[in-house]
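There are 2 protein chains.
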Amino acid sequence: MKRRKFLSGAAAGGVVAGAALLASCGKEEAPKQAAAPAISEGIKELKMVTTWPKNFPGLGTGAERLAQRITTMSDGKLQVKVYAGGELVPPFQSFDAVSEGKAELSHGVSYYWQGKSPAFNFFAAVPYGMNAAEHYAWMLWGDGLKLYTELCDNFGVVPFMRASTGVQMGGWYRKEMKSMDDFKGLKFRMPGLGGEVLRKLGATVVNLPGGEIFPALQAGTIDGTEWVGPWNDLAFGFYKVAKFYYWPGFHEPNTTGEVLVNKKVWSGLSKQHQEIIAAAIQAESTIEKAEFDYKSADALDALINKHGVQLRQYSDEMMRGFYQAAAEVVAEIGNKDPFTKKVYDNFMAARARAIGWSKLGEQGFMNARSANFKT
Amino acid sequence: MKRRKFLSGAAAGGVVAGAALLASCGKEEAPKQAAAPAISEGIKELKMVTTWPKNFPGLGTGAERLAQRITTMSDGKLQVKVYAGGELVPPFQSFDAVSEGKAELSHGVSYYWQGKSPAFNFFAAVPYGMNAAEHYAWMLWGDGLKLYTELCDNFGVVPFMRASTGVQMGGWYRKEMKSMDDFKGLKFRMPGLGGEVLRKLGATVVNLPGGEIFPALQAGTIDGTEWVGPWNDLAFGFYKVAKFYYWPGFHEPNTTGEVLVNKKVWSGLSKQHQEIIAAAIQAESTIEKAEFDYKSADALDALINKHGVQLRQYSDEMMRGFYQAAAEVVAEIGNKDPFTKKVYDNFMAARARAIGWSKLGEQGFMNARSANFKT
Chain A
8 MKRRKFLSGA AAGGVVAGAA LLASCGKEEA PKQAAAPAIS EGIKELKMVT
58 TWPKNFPGLG TGAERLAQRI TTMSDGKLQV KVYAGGELVP PFQSFDAVSE
108 GKAELSHGVS YYWQGKSPAF NFFAAVPYGM NAAEHYAWML WGDGLKLYTE
158 LCDNFGVVPF MRASTGVQMG GWYRKEMKSM DDFKGLKFRM PGLGGEVLRK
208 LGATVVNLPG GEIFPALQAG TIDGTEWVGP WNDLAFGFYK VAKFYYWPGF
258 HEPNTTGEVL VNKKVWSGLS KQHQEIIAAA IQAESTIEKA EFDYKSADAL
308 DALINKHGVQ LRQYSDEMMR GFYQAAAEVV AEIGNKDPFT KKVYDNFMAA
358 RARAIGWSKL GEQGFMNARS ANFKT
Chain B
8 MKRRKFLSGA AAGGVVAGAA LLASCGKEEA PKQAAAPAIS EGIKELKMVT
58 TWPKNFPGLG TGAERLAQRI TTMSDGKLQV KVYAGGELVP PFQSFDAVSE
108 GKAELSHGVS YYWQGKSPAF NFFAAVPYGM NAAEHYAWML WGDGLKLYTE
158 LCDNFGVVPF MRASTGVQMG GWYRKEMKSM DDFKGLKFRM PGLGGEVLRK
208 LGATVVNLPG GEIFPALQAG TIDGTEWVGP WNDLAFGFYK VAKFYYWPGF
258 HEPNTTGEVL VNKKVWSGLS KQHQEIIAAA IQAESTIEKA EFDYKSADAL
308 DALINKHGVQ LRQYSDEMMR GFYQAAAEVV AEIGNKDPFT KKVYDNFMAA
358 RARAIGWSKL GEQGFMNARS ANFKT
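Line order of the protein sequences matches chains A and B. Heads up: the first sequence is residues 8 to 382, going by this note's numbering. Heads up: the second sequence is residues 8 to 382, going by this note's numbering.
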């Protein structure tokens, strides 16, 4: 029953592109009443709504750490209180909550808002796009954050770049994937543009809240799923019901997060408090990214050596097929309207330059290291 | 005359390992008198000595940005003033200056202090070691920064991890390198452990201040040099006298920076001000790294398409030769004393785990992207 319900829902709505992780983390409880802001002795109470469950590893805990830090750095003048998805508003409504002033801040990922404009995708993750370092570079020193700010200005919101998760894993499969034909009719959980790519290849793509993925995989309602990477995936225990873990993840090579601030609230802050908030978010871009990197390395070790997970590399044929479909999906999205086209063109030009340098730098070094590691 | 002088100096002292970049940026002027700290209305004046010339791109400008930010976030209570190398103390003495309380903060790279303990190398860069993301992960979530703090405690100094430059380029050569024999007798400028590797392979390794590299290369006194990467290298104009630009740089795959704080000064700061300084440094770890990534991509494009630079990939034979020599050099250094051995073992274990994950994640994605980029 339950199974049929979510599958039919997914089929009806198609992939709620970008909304995936959001929905995955959203709780269905009714929003609680928020405390009224106390404006005494210059103390500002700032509500930070998030798209995550309470203390969700990396994402939820990062939001709490950020809030605590802003409070400490402002000597208690900025009291930031974190609300998990559903506590104050449903996770999908956190952008609107900040836009409308129901909350002062939000903590999420921009591809959740692609229903407002397809351009939002480029500030989060693009299949076969840029990795975390390349994306940070475009956001902070290229035109990324400028364009993002221009876009958000229409909604009375000021955006900040937040931590990336790094390259995500390709996903979990109950059976080995032998050829592209195996994707035809495959029931797979994948959000956003990546999901659109699999759909182009003949898969039945569904979107499920995180808590529903494991039972669905166990029951065979879905044949596979992606989530984040070794650290977060280990926590959900997917290895218990799907032994084949594929790499690399073409669909989300970075997944850069965001913090949004209500524009009126932002303008009303002192230069000191603005700088505290901006620096705290940028600090998290280092800390949380490093946490994903560090804990994923350990979790990968545990998955393979403790839980008997079978690692599989997608074949060249598959990676080529994903690439061709991704190029089509991204170009379609990128040409939907003039502003999105401006962002798409800018992103693609930065990507081409970044690839040129990565090939010689990061990629060149890592490949040389791999080639010689055993000697 | 001048040429002979620095070459004989280099020969006499061998590679002043680690000291290279330092010396490269140091100015020879006599230290100026520092302003006396003004302690009025709770305002603290903090002197930040650096190992860089004034406003040196990325490194010097990053120090100024950091100082300004700490001042803004503390609402002017912490007045941080940056001193270029040589202004207050010679660059090589900036660690001692913080240790002895002549300056409150310093901004540099830990391998400069390897004369005090070989362990300092592991918190900066190790040939064939970890890339920037892997090193950040070890420093912040593994034992890196803990061990670094333990080491610095002996000197009354509290260390912080600062931005990485990312993978450096292999370097500039006047002639193409055909085989390992070409390294025998090659006069090459390379600092630190990387220089020791080339020395093992028969090169005559010299260390030169940045400003002296170009004339030496032009005069043929040296056959080649490494510096940082496309962005910083373009500024020095090496392409005018050495056309062959080699990749990848095995010698400094990350080069993570540091900020040091005098321990008594640190202990005397409020929790608020401690958090402001820590967050500002971590924010710079995002911003400055992204600046290197972004500007190197553009500079690489200019070097190739505007300045006719010939890119060359080190052959497999060379990369294997570098690796074998690097493994020996690093093991020798790593076993010099019990504390260094503890750091070396910890670094190598984290490196092995990080490589396992990078191979599937960052490296796996980038290789798949390269393979399909032209389709």
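Hints are supplied without guarantee of correctness; some may be wrong.
As the list claims (entries may be wrong) - Per the computed footprint, the stretches of chain B lying under chain A, defined by three or more beta-carbons under 8 Å from a beta-carbon of chain A, are:
hint	region
1	91 to 100
2	133 to 142
To be verified - Here are the in silico distance ranges between beta carbons for each label pair:
hint	chain 1	residue 1	chain 2	residue 2	range
3	A	346	B	62	33 to 39 Å
4	B	75	A	344	53 to 59 Å
5	B	338	A	311	40 to 46 Å
6	B	75	A	49	55 to 61 Å
7	A	327	B	86	55 to 61 Å
8	B	182	A	122	29 to 35 Å
9	A	82	B	75	34 to 40 Å
10	B	315	A	86	45 to 51 Å
11	B	182	A	191	54 to 60 Å
Hints were generated in silico from the structure; no laboratory data involved. Don't be surprised by glycine CBs; every beta carbon is placed ideally from N, CA and C.
Going through the hints against the structure:
| no. | hint | verdict |
| --- | --- | --- |
| 1 | 91 to 100 | violated (count 0) |
| 2 | 133 to 142 | holds (count 5) |
| 3 | 346/A / 62/B: 33 to 39 Å | holds, 36 Å |
| 4 | 75/B / 344/A: 53 to 59 Å | violated, 39 Å |
| 5 | 338/B / 311/A: 40 to 46 Å | violated, 27 Å |
| 6 | 75/B / 49/A: 55 to 61 Å | violated, 24 Å |
| 7 | 327/A / 86/B: 55 to 61 Å | holds, 58 Å |
| 8 | 182/B / 122/A: 29 to 35 Å | violated, 59 Å |
| 9 | 82/A / 75/B: 34 to 40 Å | violated, 20 Å |
| 10 | 315/B / 86/A: 45 to 51 Å | violated, 59 Å |
| 11 | 182/B / 191/A: 54 to 60 Å | holds, 56 Å |
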